[in-house]
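Visitor: Taking the hints into account, I'd like the entire structure generated from these sequences.
So the protein sequences, as listed, match chains A and B. For the first sequence, our numbering begins at 1 and goes up steadily by one. For the second sequence, our numbering begins at 1 and goes up steadily by one.
Mixed in with the good hints, there may be bad ones.
To be verified - Some chain A residues flagged as far from chain B (calculated, every beta-carbon gap over 10 Å):
| no. | residue |
| --- | --- |
| 1 | Ser-12 |
| 2 | Val-13 |
| 3 | Gln-14 |
| 4 | Ile-20 |
| 5 | Asp-55 |
| 6 | Gly-83 |
| 7 | Asp-84 |
As the list claims (entries may be wrong) - Residues from chain B that face chain A, not an exhaustive set, calculated with beta carbons under 10 Å:
| no. | residue |
| --- | --- |
| 8 | Val-4 |
| 9 | Ile-12 |
| 10 | Tyr-33 |
| 11 | Phe-45 |
| 12 | Glu-56 |
| 13 | Ser-73 |
| 14 | Thr-76 |
| 15 | Leu-91 |
| 16 | Pro-109 |
| 17 | Gly-110 |
Hints listed in this document are in silico derivations from the structure and should not be mistaken for laboratory results. Heads up, the beta-carbon is just placed ideally off N, CA and C, and yes, glycines get one too.
Now for the letters of each chain:
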Amino acid sequence: GESVGLHLPTLSVQEGDNSIINCAYSNSASDYFIWYKQESGKGPQFIIDIRSNMDKRQGQRVTVLLNKTVKHLSLQIAATQPGDSAVYFCAQLPGGYQKVTFGTGTKLQVIP
Amino acid sequence: DTGVSQDPRHKITKRGQNVTFRCDPISEHNRLYWYRQTLGQGPEFLTYFQNEAQLEKSRLLSDRFSAERPKGSFSTLEIQRTEQGDSAMYLCASSLSLAGALNEQFFGPGTRLTVL
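Guide: Structure follows, in structure tokens:
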């Protein structure tokens, strides 16, 4: 199947700490794995992606790690800020297809 | 604001009524997607267009659902004879297809449908 799921539905983090959001996937036939951020009342916003032939990619304050051996994806947010509070979805783009398959989401709550 | 707009933002209707939503993608984007999102879940793919051609439809898209993109620009999603199970957020996204690259999808704010 193409399920993409998350281990924790809610994550509470103190402002300034690092956040780690985890995701397990089942379909190995993906060209890309993607993290989206969705704030209340808005559509998902692209954060960072990683190609299936990579195991790490860094952006501004975010790092995505891909472990294909155990089919695990994680998003690390450094120095978490109140503006990072949102629901985060991992997603994958199976090879040759255009539809993005989303997981169920993790809510990140940043405690000031 | 991603540049993708949707109208209306909210729609409340009675069961059995027809509803139509509109999506205006980023102007130079040739691909347009529709997704449905229920509370606490990730968006689920419904269908996508390349220019005016509808290239893929999900099994979620029953016969009561129809989508069009007549001139390869804006798109409409119509639901006929709405049911309470149709209550959801309907998201539109657009992308510019580039060979060999991730075609990042930019999402609109969605239309929240409530069927009473």
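Visitor: Does each hint hold? Answer for all of them.
Guide: For each hint, the structure was consulted:
1. Ser-12: About 17 Å separates Ser-12 of chain A from the closest Cβ of chain B, which puts it past 10 Å; holds.
2. Val-13: For Val-13 of chain A, whose nearest Cβ neighbour in chain B is about 20 Å away, the distance exceeds 10 Å, so it holds.
3. Gln-14: holds (25 Å)
4. Ile-20: holds (19 Å)
5. Asp-55: holds (17 Å)
6. Gly-83: holds (16 Å)
7. Asp-84: holds (18 Å)
8. Val-4: Nearest chain A Cβ about 7 Å off; hint holds.
9. Ile-12: Interface hint status for Ile-12 of chain B: violated (16 Å vs cutoff 10 Å).
10. Tyr-33: This hint holds: Tyr-33 of chain B lies near chain A, its Cβ roughly 7 Å from the closest one there, short of 10 Å.
11. Phe-45: Given a least distance of 4 Å, the restraint on Phe-45 of chain B holds.
12. Glu-56: Interface hint status for Glu-56 of chain B: holds (7 Å vs cutoff 10 Å).
13. Ser-73: violated (18 Å)
14. Thr-76: violated (18 Å)
15. Leu-91: holds (5 Å)
16. Pro-109: Interface hint status for Pro-109 of chain B: holds (5 Å vs cutoff 10 Å).
17. Gly-110: holds (5 Å)
Going through the hint list in order, the structure does not satisfy hints 9, 13, 14.
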